[in-house]
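Since chain A is already given, all that's left is putting chain B on it; use the hints.
Protein chains in written order, with the working numbering: chain A, 23 to 148; chain B, -13 to 207.
These are calculated hints, taken from the structure and not from any lab test.
The beta-carbon is built from N, C-alpha and C at its ideal position, and this holds for glycine as well.
Honestly, I wouldn't trust all of these hints.
Chain B residues, not near chain A, derived (Cβ > 10 Å throughout) [as the list claims (entries may be wrong)]:
{"no.": "1", "residue": "H42"}
{"no.": "2", "residue": "E57"}
{"no.": "3", "residue": "D104"}
{"no.": "4", "residue": "T121"}
{"no.": "5", "residue": "R153"}
{"no.": "6", "residue": "E176"}
{"no.": "7", "residue": "L201"}
Label-pair distances were calculated between CB atoms; the ranges are [unchecked claim]:
{"no.": "8", "chain 1": "A", "residue 1": "I62", "chain 2": "B", "residue 2": "L169", "range": "41 to 49 Å"}
{"no.": "9", "chain 1": "A", "residue 1": "V63", "chain 2": "B", "residue 2": "I44", "range": "38 to 46 Å"}
{"no.": "10", "chain 1": "A", "residue 1": "L59", "chain 2": "B", "residue 2": "I204", "range": "31 to 39 Å"}
{"no.": "11", "chain 1": "A", "residue 1": "A34", "chain 2": "B", "residue 2": "A(-12)", "range": "55 to 63 Å"}
{"no.": "12", "chain 1": "A", "residue 1": "R55", "chain 2": "B", "residue 2": "G36", "range": "53 to 61 Å"}
Some chain A residues judged to face chain B by a derived CB distance under 7 Å, without partners named [what the hints assert, rightly or not]:
{"no.": "13", "residue": "T118"}
{"no.": "14", "residue": "A121"}
{"no.": "15", "residue": "V124"}
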Amino acid sequence: MTIIFQILAIIAVIVVAIVMLRGGGARNQAIQRIFMLLFIVAAGSSIFVPQVWTFAARLLGVGRGTDLLLYITVLAFLGVAATTYRRFRRLENDLTAMARQVALARADNQQNSSEVTEPPASDGDK
Amino acid sequence: MAQTWVVVPMYNEASVIASVIKELRKSLPHVVCVDDCSTDDSAAQARSAGAIVVQHPINLGQGASLQTGFEFVRLIPEMTEVVTFDADGQHQVQDALDMVQRLRDEKLDIVIGSRFLDNRTDMSGLKRFVLRLATGYTRITTGMALTDAHNGLRVISRDMIFELQLRQNRMAHASELVDQISLHKATWAEHPTHIVYTEYSKSKGQSVLNAINILVEIIFK
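So here's chain A without its partners, still in its complex pose (with noise of 0.2 Å):
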């Protein structure tokens, strides 16, 4: 029975990698923000209704519940950590190109004024 869970995380584990990997904006907003509901609906029910989460573990060959709700936070988990490396990775990509263009306008700056005031280097490699 525990092929069944097995096959079915690995597929969810794909899904979740191919939906982080394709980006895509407000889709993909949408779609973590239903995972987001899911996963609270989950939490609560687990409070409530522990009996619901052993009853899905049986039909999925998993055991307990409590194993089942495991299983899918480390899935959660690694969902998170995916986008939240996306969105830093995204983040520091325009943070470089900010910072390099601050850095060559100030260059620009200083070259001009210093164009000015002295005469430049004599040039031995031309």
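This is chain B only, laid out in the frame that chain A set:
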């Protein structure tokens, strides 16, 4: 009117940067130092030694510094080739001059320094082993039979400078640069260089453990 520009990425090198730049400018007068938001007075030292200093407002990493340097020299119409040179003084200016000559003579897109083409460079067995692994990886992914994929001394032609777009801000940029060379089917050669591992450059240099960081950065672009 050939004009060789030297790009020196720099981060907290105040104690050595002035002498490195003075030495460079004896034969290569056009030096641009990219200061990666140093917390010491590296920028002032570099400026006093006669380099143009481009300052990052925040610390971005060596790869980002190189790219900033490339984008700076692109604006200079007389620039014919660019030398990348480490700020800690581990490279020899004579090696750089030889490499510029070779790039011009053989009309190459890039000449890459290598510590392994002769026996002048003295390094630990572990460092040698990790660098060998890195070149093996490069050979598999790009098909380029480099002997030293992580040497900071390179000479790059004007055309190639306009093609390069380094996105790996931290240390994985050396592999990324080789990737882009192979992608553009650039003509390249390796040139034997001598690296002097002084106590100073050793203390500044990367730990061999950093190879793991580089690998992760390459895989999870």
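Okay, the hints, checked on the actual structure:
1. H42: violated, 5 Å
2. E57: violated, 6 Å
3. D104: holds, 28 Å
4. T121: Holds, since 27 Å exceeds 10 Å.
5. R153: violated, 7 Å
6. E176: Fine: 24 Å to the nearest Cβ keeps E176/B off the interface.
7. L201: Consistent with the label, L201/B stays out of reach of chain A, its closest Cβ about 16 Å off (over 10 Å).
8. I62/A x L169/B: 41 to 49 Å: For I62/A and L169/B the Cβ distance comes to about 46 Å; the hint holds.
9. V63/A x I44/B: 38 to 46 Å: Given about 42 Å between the Cβ atoms, the range holds.
10. L59/A x I204/B: 31 to 39 Å: With a Cβ separation near 36 Å, L59/A and I204/B satisfy 31 to 39 Å, so the hint holds.
11. A34/A x A(-12)/B: 55 to 63 Å: holds, 60 Å
12. R55/A x G36/B: 53 to 61 Å: Given about 57 Å between the Cβ atoms, the range holds.
13. T118: holds, 5 Å
14. A121: Nearest chain B Cβ about 5 Å off; hint holds.
15. V124: Status holds, d = 5 Å.
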